[in-house]
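Spelled out from the first residue to the last, the chains are:
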Amino acid sequence: MAESDSEAGSDRQRSALADDVGDEEVQVVALDALRKKIAAQQGRADGGVVVAAINEREQMRLKLNELTRFERDWPWDEAMVMAHATHDTVTLGDAHAAGEDADDTAADEVQWEALLNDDLKREAAFVQVAREAAERALGRLPQHARRPADYFAEMIKSDVHMSKVREELLREQQQISDAQKRRKDREAARGKTARGQQREKEQMKREAANKMIKQVEQVSKERAKKALLKKRGFDVDDVDDEHGEGHGESDIEDDFPTDLLDVEEIDASKFKVHHAAAGHAKTDKKARGGKASPTGGKMSRAARDAKHGYGGPKRGAKRNDAKSFNEKDDGFRGERGQDRRLAGAVGKKSWSKGSGGKPKRLGKSRRQASR
Amino acid sequence: MQKKRTAAAAALDEGRDGVDGGGRVEGAKVQLAAPNGTPDGRVAIVNKTRVLLFCTRGTTARHRHLMEDLRMLLPHAKKEPKLDSKDRITLANEVAETRNCDSIALFECRKLQDCYLWLSKTPNGPSAKFLVQNIHTMAELKFTGNNLLFSRAMLSFDRAFDEGGDHMLVLKELLLHTFTAPRGHRKVKPFVDHMLSFFWLDGRVWVRHYQIVEKGVIKNSSESELVEIGPRFVLTPIRIFSGSLCGATLWENVEYISPNEVRRAAKRIKDSTYQKRISDHAKRTTREAMRKRPDDPLDRMFK
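Going down the list, the sequences are from chains A and B.
Heads up: the first sequence begins at 1 in UniProt numbering, then just goes up one per residue.
Heads up: the second sequence begins at 1 in UniProt numbering, then just goes up one per residue.
Don't take each hint at face value.
In silico BS3-like links for lysine-lysine, alpha-carbon gap of 27 Å or less [to be verified]:
(1) K181/A - K82/B
(2) K270/B - K164/A
(3) K267/B - K37/A
(4) K36/A - K283/B
(5) K157/A - K78/B
(6) K276/B - K164/A
(7) K215/B - K111/B
(8) K276/B - K37/A
(9) K36/A - K267/B
(10) K189/B - K157/A
(11) K187/B - K82/B
(12) K157/A - K215/B
(13) K323/A - K142/B
(14) K157/A - K270/B
(15) K283/B - K267/B
(16) K276/B - K36/A
(17) K270/B - K37/A
(18) K318/A - K215/B
(19) K111/B - K37/A
(20) K164/A - K181/A
(21) K318/A - K307/A
(22) K164/A - K267/B
(23) K157/A - K276/B
(24) K79/B - K157/A
(25) K157/A - K267/B
Because the hints were derived from the structure by calculation, they are not lab data.
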């Protein structure tokens, strides 16, 4: 009890300037509750005690008339005001399709009101609507008002800043292409090793087995369908006899082994996929239970050094400087993990290989011979 | 520079005054001259809008950067040192008068957290107070656009500003007066290569600033593209007042929830666990007192 008292006390003592609520989720919950309360108040009929919202239309109109009105009193060139096209729904074109959803490359219809919570779609919709208005506006502008390509004057952002922007864009593109290259190299390397080839063979066997099972299912479905139709009295083109030798208009290839349709004849061992090297802890990670070491214990010192490099993260390194502040932080450790590897590594080049990429030092006689 | 005679100027000459929906064209009268320099008796009205753009004491970095970004967008903006007192905010009107400004854009930052924006027409005009949120300044590296400094921007508004009612018209007019750069201003560059767009979504004004890239500049583009320059922010209208930074409320936003209310409600939710514990303890005390039995000598018989 005493503890809770002091907690509450210290809560109240914290200054109003600090973010003493702290928890953003709590704020969101509170905001939702408040919004619901307001909506409920608005929806109430004359029954409840509702203070009518102030909306002095007449006064506002008078005030507007006192002002000079750009759209009414000045020619269009003065303020260059455009109205957006009405948008209950917006069709998002390529700008959006290039984003997360790789599946829908077609234009996407979105409701305007639904845009509130989807940041990417909302900004894409804004650009779409604004661009349409810009097209119309450019049509109204005289040709001499458009900036010529060779007009150089002070811009709103300095050249230094623009070069930083360019650098950032290039860096992002580079990261993406590096990641893709790494993935491709990994796949290629895997394919060349003995284990990789074994995996490919197993994969093909599994696919063949699945294909065969699907075909069996399809044929049995067809049979059932035809039997049903026949029962109902429809004219069936081919009569399926007990041994299932009728072919007819099914989609199955002619050389399909129909004798396999008899359940008794199917030999389960024909479809069994042999997991080669199963249970072999040295090569198969699954058999190890996901652990790194062949004996199932922890990784050896040498193995860890080879994987991560010596030394680990540099202590006393700069933190939170301008560069790190501008880095993208999407919650993934990838970037920092990579720095960790590079920070302590001694002569370590490619991470996919075992030990460092330093070329092996030749013996004395060969070194002297090359001199 | 020859100033063309506007239709409005012609209308004024015909004696139409600003009464009953006629509208008054504000601006300075300028004597026009023939090419050889002698005045030829013609008079034109020139738009001489000036905006006083400044902030109160207590603005944090992000809000100050937003204000500076806006300063670069508005060639007709005038700078002022920080307004000392947030309580007597109407002092800004006097400052505007001395600086010969007819609009005020004042950033009022409270509690080092919340940023409010006042848009106002001095000395009599309507004014509006907004809550500024979701601020992204021009310096963010994600904004790749750029435009000519102090070139005039095209402005685009959602239809909701025209069709949403009288309060929407007032908001639109205030935004127009703030963000329209006058053509004749000495800082203004002759070309148009950017646009400011105002969207209406969820009862708020979303402001976006785009660079217009002509078609053909980017490869394979058949039409002009828009690249965002920044800054990017959202304005939640709170109230419209009949005076400049003061006066009767002409319109209030019923759906507006002040940041203070949100924080207060959040604190209450957090506090509820503690309150529950206290009340539970109090109940326990009373319960125990109720169930206390009197001392019975018979209890001690078979010890």
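Results of checking the hints against the structure:
Annotation: proposed proximity of K181/A to K82/B is violated, straight-line Cα distance about 54 Å (limit 27 Å). With a CA separation close to 44 Å, the supplied pair K270/B and K164/A exceeds the 27 Å bound. Restraint check for K267/B and K37/A: satisfied, since their Cα atoms lie roughly 17 Å apart, inside the 27 Å limit. Taking the CA atoms of K36/A and K283/B, the gap is near 32 Å; set against the 27 Å cutoff, the hint is violated.
At roughly 20 Å between alpha-carbon atoms, K157/A and K78/B fall within 27 Å of each other, so this suggested pair holds. For the hint pairing K276/B with K164/A, the CA-to-CA distance comes to about 54 Å; that exceeds 27 Å, so the pair is violated. Distance restraint check for K215/B and K111/B: the Cα-Cα separation of roughly 47 Å exceeds the 27 Å cut-off, and the hinted pair is therefore not satisfied. A threshold of 27 Å between alpha carbons decides the hint, and for K276/B with K37/A the separation of about 23 Å falls inside it, so the pair holds.
Taken as a hint, the K36/A and K267/B pair is honoured in the structure, with Cα atoms around 18 Å apart against an allowance of 27 Å. Restraint check: the Cα-Cα separation between K189/B and K157/A comes to about 15 Å, which is no more than 27 Å; the hinted pair holds. Between K187/B and K82/B the CA atoms are separated by roughly 24 Å; this keeps the pair inside 27 Å, and the hint holds. Taking the CA atoms of K157/A and K215/B, the gap is near 22 Å; set against the 27 Å cutoff, the hint holds.
Proposed proximity of K323/A and K142/B is supported: the alpha carbons are some 15 Å apart, at most 27 Å. Of the pairs offered as hints, the one joining K157/A and K270/B is violated, with about 45 Å between alpha carbons and a cut-off of 27 Å exceeded. For the given pair, K283/B sits about 24 Å from K267/B by alpha-carbon distance, which is consistent with the 27 Å threshold. Pair hint K276/B plus K36/A holds up; C-alpha atoms about 24 Å apart against a cutoff of 27 Å.
The straight-line distance between the Cα atoms of K270/B and K37/A is roughly 19 Å, inside the 27 Å bound, and the hint therefore holds. Between K318/A and K215/B the CA atoms are separated by roughly 45 Å; this puts the pair beyond 27 Å, and the hint is violated. As the CA atoms of K111/B and K37/A are separated by approximately 26 Å, the hinted pair is consistent with the 27 Å bound. Annotation: proposed proximity of K164/A to K181/A holds, straight-line Cα distance about 25 Å (limit 27 Å).
The straight-line distance between the Cα atoms of K318/A and K307/A is roughly 25 Å, inside the 27 Å bound, and the hint therefore holds. Of the supplied pair hints, the one linking K164/A and K267/B is violated, its CA atoms being roughly 42 Å apart against a limit of 27 Å. A threshold of 27 Å between alpha carbons decides the hint, and for K157/A with K276/B the separation of about 56 Å lies outside it, so the pair is violated. With a C-alpha separation of about 20 Å, the suggested pairing of K79/B with K157/A holds against the 27 Å cut-off.
With a CA separation close to 42 Å, the supplied pair K157/A and K267/B exceeds the 27 Å bound.
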